[in-house]
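*Asks:* Based on the provided sequences and hints, a complete structural model is requested.
Protein sequences, first through last, are from chains A and B.
Here the first sequence is numbered in the numbering used here, starting from 1 and rising by one per residue.
Here the second sequence is numbered in the numbering used here, starting from 1 and rising by one per residue.
The hints are simulated quantities; they were obtained by calculation from the structure and are not laboratory data.
Only a predicted model underlies this, so the values are computations on that prediction, with no experimental measurement involved.
The beta-carbon is built from N, C-alpha and C at its ideal position, and this holds for glycine as well.
Hints should not be assumed to be uniformly reliable.
[Unchecked claim] Between beta-carbon pairs, the in silico distance windows are:
| # | chain 1 | residue 1 | chain 2 | residue 2 | range |
| --- | --- | --- | --- | --- | --- |
| 1 | B | Gly22 | A | Val36 | 37 to 47 Å |
| 2 | B | Gly43 | A | Leu38 | 28 to 38 Å |
| 3 | A | Glu110 | B | Glu47 | 19 to 29 Å |
| 4 | B | Asp90 | A | Glu110 | 43 to 53 Å |
| 5 | A | Ile127 | B | Gln75 | 30 to 40 Å |
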Amino acid sequence: MSEPWEEEGPGTIKKFMYVNRKAPYGTIYALESLEVVLIAAAFEQDVSMVFLDDGVYQLKKGQETQGIGMKNFSPTYRALEGYDVEKLYVEAESLAERGLSEDDLLVPVEVMGREALTELMEEQDVILSF
Amino acid sequence: MSMLHTVNKSPFERNTLASCLGHAKAGSDILLIEDGVYASVRGTSHEDMVRSAVGQHNVFVLGPDLLARGMNPEQLIEGIAVVDYGDFVDLTAKHDKVQAWL
Numbered sequence: 001m002s003e004p005w006e007e008e009g010p011g012t013i014k015k016f017m018y019v020n021r022k023a024p025y026g027t028i029y030a031l032e033s034l035e036v037v038l039i040a041a042a043f044e045q046d047v048s049m050v051f052l053d054d055g056v057y058q059l060k061k062g063q064e065t066q067g068i069g070m071k072n073f074s075p076t077y078r079a080l081e082g083y084d085v086e087k088l089y090v091e092a093e094s095l096a097e098r099g100l101s102e103d104d105l106l107v108p109v110e111v112m113g114r115e116a117l118t119e120l121m122e123e124q125d126v127i128l129s130f
Numbered sequence: 001m002s003m004l005h006t007v008n009k010s011p012f013e014r015n016t017l018a019s020c021l022g023h024a025k026a027g028s029d030i031l032l033i034e035d036g037v038y039a040s041v042r043g044t045s046h047e048d049m050v051r052s053a054v055g056q057h058n059v060f061v062l063g064p065d066l067l068a069r070g071m072n073p074e075q076l077i078e079g080i081a082v083v084d085y086g087d088f089v090d091l092t093a094k095h096d097k098v099q100a101w102l
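*Replies:* This is the structure:
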């Protein structure tokens, strides 16, 4: 006899958005967000990730963490595509405030203005903030 | 009496650096560590605040924390010096007191 979760097929697919607002190493938020995103992707949900405020620093190219003795988890963002997490949005205003541009980011993203992001948030079923 | 001020929060997320600069006496040293290092690069909206701090203090940034966050030492605001952990110890020993702004 098969288990109930095997019988249900794909089930309901909801739009999940993960809002990332923290820099990568000073707190645990960025790493925890990645873990949760990968879990949701495993359940075949419609996943998108937004990076705004200091969250844009998570995607900065060239992170080298040997000197602080912490795991460099930034390559994981490049692996997200393999888990069908392909919708990455970065807020233009947050990049500009920090003197960064799209070229400073380690993965292809869609740079979007604050107003457009607000609209995108309105379309979601679930929003989880980190 | 001299003091070393350490700042470990991003200037975009907290007002820790601004508060430190408002209370640090001219001539005291300031060391940016952890997420505080984001204040040290050129081209941010906090650049003017940091530039005026460099005029009144020795401002240092901890190299390992800078590199971990993908920041290039060549992007620093002029006058900010990169230090390593040994230099951090020396700075602590050089001053009578350390004030850690959290």
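*Asks:* All the hints need checking, so say for each whether the structure fits it.
*Replies:* Hints versus structure:
A hinted range of 37 to 47 Å for the beta carbons of Gly22/B and Val36/A is consistent with their spacing of about 38 Å. The beta-carbon spacing between Gly43/B and Leu38/A, approximately 33 Å, falls within the hinted interval of 28 to 38 Å. Take Glu110/A and Glu47/B: their Cβ atoms lie about 27 Å apart, and the range 19 to 29 Å holds. For Asp90/B paired with Glu110/A, a C-beta distance near 46 Å keeps the hint of 43 to 53 Å intact.
Between Ile127/A and Gln75/B the CB atoms are about 33 Å apart, so this pair conforms to the stated range of 30 to 40 Å.
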